[in-house]
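Peer 1: Each chain, written out:
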Amino acid sequence: MQNEFPKLSSKEMTALEMLIHKGEMFGLEMVEASEGELKRGTIYVTLSRMCDKGYLDSREEPRTMPEIGIPRRKYWATGLGEKVYEANVRAIEIFKELAWGV
Amino acid sequence: MSNNISSVKELLENLMSPRVWIRVIIFISIGIVFVNIFTQLFGIFTSTNSAMGVSLLFLSIINLFFSSRIIRSIDLMIWEIINMPTFTICSKVSNFIYSNKTQKDTFEPIVADWQEEYFEALFKNEIWKARWINVRYTYAFVVAMWQKSPIGDLIEFVRKIAS
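Protein sequences appear in the order of chains C and F.
If you want my numbering, it's the position in the first sequence, counting the first as 1, plus 9.
If you want my numbering, it's the position in the second sequence, counting the first as 1, plus 65.
Note that these hints are calculated values from the structure, not bench results.
Mixed in with the good hints, there may be bad ones.
Unchecked claim - Okay, derived cross-link-like pairs now, EDC-like style, lysine to aspartate or glutamate, Cα gap no bigger than 16 Å in a straight line:
(1) F/K169 to C/D66
(2) C/K83 to C/E69
(3) F/K166 to C/E46
Sequences are here, hints too, so could you generate the full structure?
Peer 2: If you want it as structure tokens, here you go:
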């Protein structure tokens, strides 16, 4: 099972790409930055699954004084997440090279 | 006379209040559901008219018990639920159905974002935008609940195998 290639879905790729290149982000920021690829209803399901796999980590960010409501959650990519992302990017490149000679 | 005027006024005020209409709609729905169940079970009503007639009869019987303590407490509970903010209702539903971990990891962040956008719209006095945010996030919440259900997990599993 450990030798299995950790394939990422397109949503997971987008989320990891953003977190690696832009650093720590809130879920809502990721939805807005993805320009429609990540949706409000699916983002947290995807992020929680990625946290379970160890690709991401998160913490609760307490709200500053005038703001009210429950604390928001900030996410960042772990070392494993970065490696998995790199592996997937390289796998796609190799596939393109073999399939179309790009 | 003054008593009559006040009672008529009271009656009109009651008729204007959304609480009364919501109560009537709820009881009509309950009546129709009950009548449909009886129809299905015993096949006693052959036409929709007779079914509707019995549902109205059922309603009038329910109305007799309106003053009872149980009906009043149910009524109050329904009214409290109606008056709750939408994100509180959604949060309570998901908290009842899913585990604490799922609630913390998946549903609480959605509610946090919901509150963020909703209060921002209210702060800017954009009431319609706030209502639209409520609709949008209710849909998002339902989608998340569906995805976190066993059927959603199964679909995810099948999709993974297929890809």
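Peer 1: All hints, please: hold or fail.
Peer 2: Hint check results:
no. : hint            : in the structure
1   : F/K169 to C/D66 : 14 Å, holds
2   : C/K83 to C/E69  : 6 Å, holds
3   : F/K166 to C/E46 : 26 Å, violated
In summary, the one numbered hint that this structure violates is 3.
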